[in-house]
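K.L.:
Sequence:
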Amino acid sequence: MAFKSGKTRFRFLGSAIGALISVGGQVAMMPAASAQGFSSFSATGVVVDANGKPVEGALVTVLSADQGFTRSTRTNGNGSYSISELRNGSYTFTVEAEGYETYTEAGVRLVQGAAANRFRLVLTGAPEVAGASGDIVVTGSRAATSEFDLTTTGQVINVADLATRVPVARNLAALIQLVPGTAGGSGAFGGLPSINGGAVSENAYFVNGLNITDFRKGLSPVEVPFEFYQTVEVKTGGYAAEFGRSTGGFTSATTKSGSNEFHGGLLFTWNPNGLRSYTRDTLGSDNDGGTSEAKSVIAQLSGPIIKDHLFFYGLYQARNNNSSGGGRAFLGDPRNQSQVDDPAQYLGTSRSYTRSDSPFYAAKINAVIMDGQRLELTYFNTTSESEINIYGTDAGVRADRYNYITNTDGPYTGRSQQRGGGENYVGRYTGVFTNWLTLSAAYGRNENIGFSQRFNASNASIPSVTDARNPLNIRPLTIAGGGIDSNEDIRKFYRADADVRFNALGSHHIRFGYDREELSSTSTSQGGGDGLSYDIFTAQSGNIYGIPVGTDYVRQTRYVQSGQFASLNEAYYLQDSWSLLGDRLNLNLGIRNDRFSNDNSLGETFYKSGNQWGPRLGFTFDPIGQRRDKVYGSFSRMYLPVASNTNIRLTGGELFYTRTNIFGGLGAGNIPILGSAVLYPSATTCPDDNIRNCNVTGNGQPRSAEATVSQNLKPQSADEYILGYEKRLGDKWRIGAFFNYSKLNEVLEDSSLDAAINNYCVAQRISGCGPIWGGFHQYVLINPGRGATVTLLDPINGEATPRTVEFTAAQLGYPKAKRTYKAMTFEAHREFDGVWSLDASYTYSKTVGNYEGGVKTDNGQSDTGLTTDFDQPGLTLGTYGYSPNDKRHAIKVAGSYQLGPVVLGANLQAYAPRRYGCIGLVPGSVDPYAAAYGAAGLYCQVNADGSINSDPSVTSPVQQVRRGSVFKSDWSFVNDVDIAYKFDVGSASMTLRASVFNVLNLKQKLNFNENGTNGEGVASAYYRTVTQYQAGRNARLQLTFDF
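Take 2 as the starting number for the sequence shown in my numbering and just add one per residue.
Don't read these hints as lab results, they were simulated from the structure.
Predicted model only: the values in this text are computed from it and were never measured.
Heads up, some of the hints might be wrong.
To be verified - Between beta-carbon pairs, the in silico distance windows are:
#: 1; residue 1: Arg420; residue 2: Gly547; range: 44 to 54 Å
#: 2; residue 1: Gly188; residue 2: Lys847; range: 14 to 24 Å
#: 3; residue 1: Gly547; residue 2: Gly665; range: 32 to 42 Å
#: 4; residue 1: Pro958; residue 2: Gly551; range: 34 to 44 Å
#: 5; residue 1: Arg420; residue 2: Ile625; range: 23 to 33 Å
Unchecked claim - Once the Cα atoms are required to be at most 35 Å apart in a straight line, the calculated DSBU-like pairs of lysine-lysine come out as:
#: 6; residue 1: Lys728; residue 2: Lys54
#: 7; residue 1: Lys823; residue 2: Lys308
#: 8; residue 1: Lys715; residue 2: Lys744
#: 9; residue 1: Lys609; residue 2: Lys728
#: 10; residue 1: Lys983; residue 2: Lys296
#: 11; residue 1: Lys1006; residue 2: Lys817
#: 12; residue 1: Lys817; residue 2: Lys609
#: 13; residue 1: Lys823; residue 2: Lys1004
#: 14; residue 1: Lys1004; residue 2: Lys969
#: 15; residue 1: Lys819; residue 2: Lys715
#: 16; residue 1: Lys493; residue 2: Lys308
#: 17; residue 1: Lys817; residue 2: Lys847
#: 18; residue 1: Lys823; residue 2: Lys847
#: 19; residue 1: Lys54; residue 2: Lys296
#: 20; residue 1: Lys296; residue 2: Lys819
#: 21; residue 1: Lys819; residue 2: Lys983
#: 22; residue 1: Lys823; residue 2: Lys1006
#: 23; residue 1: Lys744; residue 2: Lys1006
All C-beta atoms in this analysis are idealised placements derived from N, C-alpha and C, irrespective of residue type, glycine included.
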């Protein structure tokens, strides 16, 4: 530690390690920051004398070693100070007060979440004193303290530091899952994080204040290279009013910046296929025939353009990713283990090869016009292209198949071309005009395209045909081609914020602002063969169509959709951080007003939320008075915007219907011949031929706002309560515990009102409603469990215009959506001191309810806001139970140990099993409309001993099976280790690093087939079969060159 204490002579005694600690070693994981914005924070603390009494009027000055600016402030009557609008970096602190020796310390590392300090001054001419250990020490000192005005739970991860010591996958989801209260979601959604038991679609993601969240479905944010991140702050709860549009977690990342010194580097990363262990095969996958290899080179350069005023940072990443995967079909009985283990019971299907080599590039400019006046501009391009080539098929003869035993490809059968990503930029101005006034403004643009086109070998447009007559051998009959999905999402945002500080019955830091997001989604989707697909079945006993048992029939589905849709999100917020009782008590009093609106493809607004007020209230209390302990608590109400997927699917005028006919055999190209129409009771008229054998979800015409959305609709919201305690032990340790309780208030779901409308017509003695509202005619966005006021799609009773009807919740028949999360977390953190670090946590939690969220893990449905949840009253029966995101126990330990030039790291996590129930066909006697969905409810065949019948040749009584009540998956584990060797080459440094993921090569059973029946209600032999094992051991090799 290098510091001076005025004119007083001093001696510094201590070990080199002690010095390193005092300077402030790199901190990898800190408590969530008391951030003043998305890319800045405040340095806070207190100045006291040798007896611990506050020093009023002390001048505290920080000098940025990286960018040369200086900021100063004076302490208040409680000795407290706050210096706003700082960036991550190294600073020199100078503390001056009349009658005290000036204290100066260089090399103090300030980052989000670790910027609070306690300075102790010595009187001018005061002698040195003996410490409790008998050593001679200097009384002028600095000690890190808790971020006292913080009520947020979560962590700030210093990515640049963590990545050198702890093995973690180089993506945002892996970083988030280091934090207590988070867990990986279903593999169906790419392992995105579930936070506090919420759906993976309820999180928000920001980079330098730019919202990069997928606003169409709330799923994967824009992909940003790992090396571009400086810090990633994961807020899991209790966040301030300026942060919103999330009922899950909120992730705010900052990127690297230039400084007064030139820095550069190269990073070579290789994930070799040769060091990869194969994942265990499932009944439908041939993982030993797959490959995966990734190579990348990242070049970085930063430095000054004009010293102390203008800085640049640039990154370029060259990527080369290649993978392949093979499939196989099981021909035997999955209940017979000898058949499962017999290679002769399988036939290969196809193998695909995926290649992507699109580069990524990013740049950032920082301009310090003068002290306190700053401009930032960030740009990054994530555009990517990939091509998938497919060989072999199970739609033809045996010779056309991929040979899964010899890993020999079949003939070329088609390809898929995909594009994604886009250009992103954000600019921000910040002006610190006085110690009490700061203003900032920002503008940015986020783009995310998604394009996919499928071709078969002949480039012909051919529909998909599936033969499902044999439940043990469901197979395709065609090689589909010609389908296209083209999507583009563009977000433009504007933001203005102000910070005002003053004293009145304590000290106040008031922050208020406004932000606005203008969203545009363009979508075109059509399957091959003019959007057609076919499924062939054999009628079973009790089928809803009235078809004789044993008769083959075919369902032809047509889906075509296109349109452009706009949405608007805006918010006002006001937050007061009010310090009282000598700064021992801090009250965070905030309010946020969210407003959302969504338009259909005609530009008509179908939903306006109005003002949605969300209080954000919190407190912290220092029970000791040394800023080393704090009790904290918070209450928050958060709102989630309507995903633009709702605009597209619900109001976009999609053409979506399914007709049912007797199977008349196969025609040319294995296209089914449609026999006589099946005129079943709940059918409606088909849009193209006016025959009444269709289930029509959309007729191709955009729907009016009044007929699409309940007039008294409320947006999705959640309430959250947190109470916790945190304590710092010495300079390195921080321990704590907190309790979190959250619950959903309202949700938005599209629900069929056909049954309610038909009942209304009966009560009003109006005839002719049944042929129109046949179960699938009018889906309306409602709050389940509440009444709805809706305009009917069609006139009734001979009237000229549709009437508006007010339905009660009981008339609609849908229960209230419920989800509660209760969790107790214990955590301990030891900051890295040049020798070792440790981050450990344990969370005990329960997530229960009848609603997971916008997506549906049970069936892998990512149709946010429009899943089968609440589509029909019968589909809600038995749904209250343990959520797929219920992780009863979560244990996390990450750390590192340095032995000279060698650094060892480990990342260990354990999650309790997921609970499963039984998905099956809702009996027509319970709900005929729900029965038309096939295996989408919670009814299965139950044996006399209470077990689920999985024998298709046996029929057992059908019973409701409560969600999550039958069996469990295995525990899931993360067991990753690495080793790094650092050495110097002249003035540059190099690092060789090897990381091994799943070092124990565990093969845990993570996901299972939960379908207890097929779409016709026949018991499924595939019930409880494994669909996903833990990925096998794999390695990553890296070489870093920095100067």
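K.L.:
List, from low to high, the hint numbers that the structure doesn't satisfy.
P.N.:
The structure breaks hints 3, 4, 5, 7, 9, 19, 20 and 21; every other hint is satisfied.
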